[in-house]
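Residue strings, one per chain:
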Amino acid sequence: MKSTARRRSYGVKGAPYAFLLPAGILFALFFALPIGYAVWLSLRKVKVSGLGLGSGARKEVWAGLENYTDALTDSELVSGTLRVLGYGCIVVPVMLGLALLFALMLDSEKVRLAPFTRLAIFLPYAIPGVVAALLWGFLYLPDVSPFYFVLDKLGLPQPDLLDGGPLYLALSNIAVWGGTGFNMIVIYTSLQAIPAEVYEAAKLDGATPLQIALRIKIPMVAPSLVLTFFFSIIATIQVFNEPTTLKPLTNSVSTTWSPLMKVYRDAFGEGDIHGAAAQAVIIAFATLLLSFGFLRAANRRQKQEAAR
Amino acid sequence: MSSLAVPQAEPVAGSTPGTAQDRPPLRRRISLIPTVTLLLGAAYCLLPVAWVVIAATKSGSELFSTFTFLPGTGFVDNVQDLSAYRDGVYWEWMANSALYAGLGALLSTCVSAISGYALATYRFRGRETIFNVLLAGVLMPPVILAIPQYLLLAKADLTDSYLSVLLPQILFPYGVYLARIYAAAAVPADVIEAGRMDGANEWRIFTRIALPMMIPGLVTVFLFQFVAIWNNFLLPYIMLSDDEKFPITLGLFTLLEQGANTPALYTLVITGAFLAVFPLIALFLVIQRFWSLDLLSGAVKS
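Going down the list, the protein sequences come from chains A and B. Residues 392 to 699 (the numbering used here) make up the first sequence, in order. Residues 500 to 801 (the numbering used here) make up the second sequence, in order.
Check each hint, because a few of them may be wrong.
What the hints assert, rightly or not - Sample of chain B residues at the chain A side, in silico, Cβ under 10 Å:
1. F623
2. Y661
3. L666
4. A684
5. N700
6. A772
Honestly, the hints are just simulated from the structure, not real lab data. Beta carbons: idealized from backbone N, C-alpha and C, even for Gly.
Make the full structure from the sequences, and use the hints.
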């Protein structure tokens with residue numbers, strides 16, 4: 392028989408751990424274990440002896456860093472990375488630029504129809520990336536697209552949007568369309584958190600709305616711009632759904648267009664689980680490195696600004 | 500900066516006549532800029548949705564022959580064709596998506612609530628470490644997780660099952676993060692202390708006192724995770740091979756893959772896309788008033 396006082400203090404001490412148990416178990420099973428398993432696989436390879444027939448012919452052996460050197464010298468992976476880099480250089484500035492522009496416009500005093508436009512711009516967030524790519528994919532097809540209809544009637548040249556350079560724009564457009572609204576809301580929310588008094592002084596000085604936007608609002612929402620930039624970069628590195636969905640519509644999107652598509656192809660198309668695991672670990676590592684480097688740089692800048 | 504006070508007398512083409520001092524019309528013009536910009540943005544965002552609404556009404560021949568934004572006459576036929584496709588597998592995909600997203604988001608919200616509450620209200624050893632490790636999960640590219648998850652679930656003979664799509668999506672690091680912020684802001688420490696004074700145990704305090712206070716934040720977590728699971732493509736793409744277990748994203752993708760070479764299937768894909776977008780947009784319109792988006796940037800009004 393425990394006294395109630397003892398039981399209570401025991402309960403308080405153990406409670407947080409008990410409460411975190413479900414999350415801990417799920418984390419161990421579906422995050423930690425798979426990551427550990429991927430690292431393990433990446434350090435091994437299949438050795439085929441003889442003709443590769445029979446039960447003992449295929450053996451898993453230790454490979455050391457062999458898979459990693461293979462991955463880093465793989466020209467397909469390198470060119471996939473370059474493609475995604477080019478794609479990201481279009482998506483991130485355009486998407487965040489538009490998001491900031493729309494957020495500032497929503498926050499301005501004279502705006503009308505703000506609830507409607509805010510909702511309309513945020514709407515693509517609710518549409519799955521696969522469906523978004525599918526819708527735009529059809530809009531890019533000359534047979535059914537209104538753009539080509541208009542170009543045709545005007546007698547203008549009709550570029551092939553699903554090939555070469557325009558393909559980057561076509562893919563970027565899908566990401567911009569899907570992501571602008573979400574980022575706009577993040578920036579708009581932090582704009583609304585700025586107290587009105589901050590503007591009063593500037594207004595008394597006769598500052599125009601444009602000057603208030605550039606000199607007061609944008610610096611004050613810098614932290615949320617940093618946050619949206621960060622999430623956009625991560626999403627860009629991981630692009631997979633949109634190019635995969637456009638693939639049936641054009642021959643220009645290869646099965647290794649983005650690094651993640653190559654990982655998928657190697658693992659399931661080629662059955663090279665070990666090579667795919669090494670590439671996956673490299674991409675994860677690059678993402679983490681980029682994230683932490685970026686967060687540190689952002690923190691340092693914030694500290695510097697606070698010190699000034 | 501007194502020079503800022505001088506209005507910029509930019510010449511405006513075709514300015515309204517009859518005003519000697521051109522300040523009022525200029526002001527009005529400037530005040531139109533935000534509205535016009537936003538309307539252009541809204542038009543851009545609504546364009547593909549408007550297109551699919553119209554295109555879904557066209558019959559196969561109308562799709563290629565009539566002007567894009569001219570409604571057609573084939574909507575009912577299209578829906579019937581789609582429903583007849585492989586004995587109505589399309590509606591199974593919809594039901595599967597509703598199951599994955601509904602049940603998954605519910606379980607996910609429970610785990611987020613209890614974890615976020617524990618992280619926000621208790622001081623214990625390893626609290627920040629646990630939190631940071633959970634958050635690092637956000638940074639893991641899904642493919643990196645999904646491939647070993649597939650291989651591990653294959654060993655447990657669980658791939659190509661409902662569980663293989665449901666289980667990996669229950670822990671939602673971003674949801675834990677949101678729940679922690681919300682619990683810290685919405686559940687005052689003295690209320691918890693008062694509960695302890697009354698002799699309630701920790702579980703009771705959580706379920707009876709804290710949970711009701713956290714409901715608005717948890718609705719947001721639920722909706723985020725619902726949208727995330729509904730929109731997920733990669734995980735089911737890797738896990739499932741039996742198309743009767745597909746969610747709608749994967750189903751539409753396979754339909755498109757087959758239809759790409761046979762334009763006759765285009766109308767099915769388009770109608771399918773329209774019907775898939777529709778419930779989510781409807782849900783979105785209904786819930787957006789309950790959706791406290793403030794949480795997104797971590798700004799909680801206390």
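Now for the hints, and whether the structure bears them out:
Residue-level restraint check for B:F623 holds (minimum Cβ-Cβ distance to chain A is 5 Å; threshold 10 Å). For B:Y661, the interface hint is violated, the least distance from its beta-carbon to any beta-carbon of chain A being 15 Å, above 10 Å. Restraint check, B:L666 versus chain A: the minimum CB separation of about 7 Å is within 10 Å; hint holds. A cut of 10 Å between beta carbons decides the hint on B:A684: the least distance to chain A is about 14 Å, and the hint is violated.
The interface hint given for B:N700 is met, as the beta carbon of that residue sits about 5 Å from the closest beta carbon of chain A, less than 10 Å. Residue-level restraint check for B:A772 holds (minimum Cβ-Cβ distance to chain A is 5 Å; threshold 10 Å).
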